[in-house]
Amino acid sequence: MAELRIKTAEVFEPLLKPARYKGAKGGRGSGKSHFFAELMVEDCARAPGELGEGLRCVCIREVLKDLKDSAKLLLEDKLRKFGLGAADGFKVFRDVIETPKDGVIIFKGMQDYSAESIKSLEGFRRAWIEEAQTLRTRSLTLLRPTIRLNDSEIWASWNPRRRTDAIDDFLVAHKPDDATVVTANWSDNPWFPETLDKERLLDLQNYPERYPHIWGGEYATVYEGAYFAGLLAEAKAKGRIGVVAADPLLPIRAFIDIGGAGATADAFTIWIVQWVGQQIRVLDYYESVGQVLAYHVSWLRKSGYQDAILYLPHDGVATNNITGKRYEDHLREAGFKVEPPIKNQGRGAAMMRIEALRRLGPQLWFNEATTQDGREALGFYHEKRDEARNIGLGPEHDWSSHAADSLGLMAIAYEDPARAAEFNKKLEYPDLGYV
87 MAELRIKTAE VFEPLLKPAR YKGAKGGRGS GKSHFFAELM VEDCARAPGE
137 LGEGLRCVCI REVLKDLKDS AKLLLEDKLR KFGLGAADGF KVFRDVIETP
187 KDGVIIFKGM QDYSAESIKS LEGFRRAWIE EAQTLRTRSL TLLRPTIRLN
237 DSEIWASWNP RRRTDAIDDF LVAHKPDDAT VVTANWSDNP WFPETLDKER
287 LLDLQNYPER YPHIWGGEYA TVYEGAYFAG LLAEAKAKGR IGVVAADPLL
337 PIRAFIDIGG AGATADAFTI WIVQWVGQQI RVLDYYESVG QVLAYHVSWL
387 RKSGYQDAIL YLPHDGVATN NITGKRYEDH LREAGFKVEP PIKNQGRGAA
437 MMRIEALRRL GPQLWFNEAT TQDGREALGF YHEKRDEARN IGLGPEHDWS
487 SHAADSLGLM AIAYEDPARA AEFNKKLEYP DLGYV
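Just so we're aligned, residue 87 is where the sequence shown starts under my numbering, counting upward by one.
Honestly, I wouldn't trust all of these hints.
[Unchecked claim] In silico lysine-lysine, DSS-like type, Cα no more than 30 Å apart, as pairs:
id, residue 1, residue 2
1, Lys177, Lys261
2, Lys154, Lys164
3, Lys423, Lys388
4, Lys177, Lys158
5, Lys470, Lys322
6, Lys187, Lys177
7, Lys164, Lys284
8, Lys194, Lys261
9, Lys158, Lys261
10, Lys177, Lys164
11, Lys470, Lys151
12, Lys93, Lys167
13, Lys194, Lys205
14, Lys470, Lys423
15, Lys205, Lys167
16, Lys187, Lys261
17, Lys177, Lys194
18, Lys103, Lys158
19, Lys324, Lys284
20, Lys411, Lys423
21, Lys187, Lys154
Hints were generated in silico from the structure; no laboratory data involved.
Start from the sequences and build out the full structure, keeping to the hints where you can.
The following block contains the structure:
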């Protein structure tokens, strides 16, 4: 076999060294898939000399219904590019690629594997997870101990979607010691094509809210068509997402969407807000599922919000399904000041909250570090649609709707401080004995 020379972008150089886990995350046009395809060809070509036998590789997606959705065509392109064929030990068949010394590259969907059937991959030394952001936790849990031979490696390439996705939780949030992960974007690609750059600029101009995710490799904080996509994009562009502090002289307000206790309960959400002049400072966000009321109260106290004024939706007068007492009574007995629950707005209440929050959008300032989960939910909250008739069916009730409902409650309850009865009340400071 002739000497194989492969040009590699500088951003991927750390991945050329051996590691149990190798990850490349980032936006479109970075060359992540091209790098791993070339690395797989290189490893297969040199395997007989270093490993003594052909290399068995598997290219994995969570769902693989058709080989045209796999990396097979890309690998074939790389073989042609490097002039590698049957004489070099590479043979392309319909569903596999044979490599030197009886090695092989196969293509599989993890969805098709069970705990028993995945054992067929035990002799494989390379597993490349394509579009790894879609990989489920179950799939990653099955795969990791299966690729077990000495010198075996698990690779992942993906465009981050959510921080809670299985691959991000494993390789980013809880990165193993024997993992190498790089972030690569279009600007790291020395061969970024001119045509793709025009597409990038078009998205930057026409779709600024989705540009950071698609091209910048950031988490998808805004869902296509989300109700608050524009609101969040504008807040970020104008610097209203950052370090936002509470005013010690003004009251803290907590706006609540009531969930319930138990595994099937909806989320219980709380937004911590201050009304400061014309600013609405969004200071904190809390969400929990299936916990009793005491758990939420404990969070308020531990977080320093024991003096907060609590606002409940109309079902605040409903009885707790465990104690039989009303939620507002429980919270008052716990020592909190509780406003009378806001009345049900009737039909169209969800859209009223949406429009009220949109109207207040320019006044919203978010404390970035403590409201990230809540902003992700706001960015996903969207309309349910009948695709056949192309009509909207109102807000989709899903994981994101509870955060949207509680901040929407704030928008309904909001009172311009300039119109409040005590707006010009003289502030009395305690006499601390200083001259």
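Okay, the hints, checked on the actual structure:
1. Lys177 <-> Lys261: Violated, because 37 Å separates the two Cα atoms, which is more than 30 Å.
2. Lys154 <-> Lys164: Roughly 16 Å between the alpha carbons, so the hint for Lys154 and Lys164 holds.
3. Lys423 <-> Lys388: holds (17 Å)
4. Lys177 <-> Lys158: Measuring from Cα to Cα gives roughly 12 Å; hence the hint holds.
5. Lys470 <-> Lys322: Answer holds: Lys470 to Lys322 is near 26 Å, not above 30 Å.
6. Lys187 <-> Lys177: Roughly 12 Å separates the two Cα atoms, so the pair holds.
7. Lys164 <-> Lys284: With Cα atoms ~25 Å apart, Lys164 and Lys284 stay inside 30 Å; holds.
8. Lys194 <-> Lys261: Holds, because 25 Å separates the two Cα atoms, which is no more than 30 Å.
9. Lys158 <-> Lys261: holds (29 Å)
10. Lys177 <-> Lys164: Holds, at about 13 Å.
11. Lys470 <-> Lys151: holds (27 Å)
12. Lys93 <-> Lys167: holds (12 Å)
13. Lys194 <-> Lys205: With a Cα-Cα distance of about 13 Å, the restraint between Lys194 and Lys205 holds, given a limit of 30 Å.
14. Lys470 <-> Lys423: violated (37 Å)
15. Lys205 <-> Lys167: With Cα atoms ~34 Å apart, Lys205 and Lys167 exceed 30 Å; violated.
16. Lys187 <-> Lys261: violated (34 Å)
17. Lys177 <-> Lys194: Given that 30 Å is the threshold and the Cα spacing comes to 19 Å, the pair holds.
18. Lys103 <-> Lys158: holds (24 Å)
19. Lys324 <-> Lys284: holds (25 Å)
20. Lys411 <-> Lys423: holds (17 Å)
21. Lys187 <-> Lys154: Given that 30 Å is the threshold and the Cα spacing comes to 26 Å, the pair holds.
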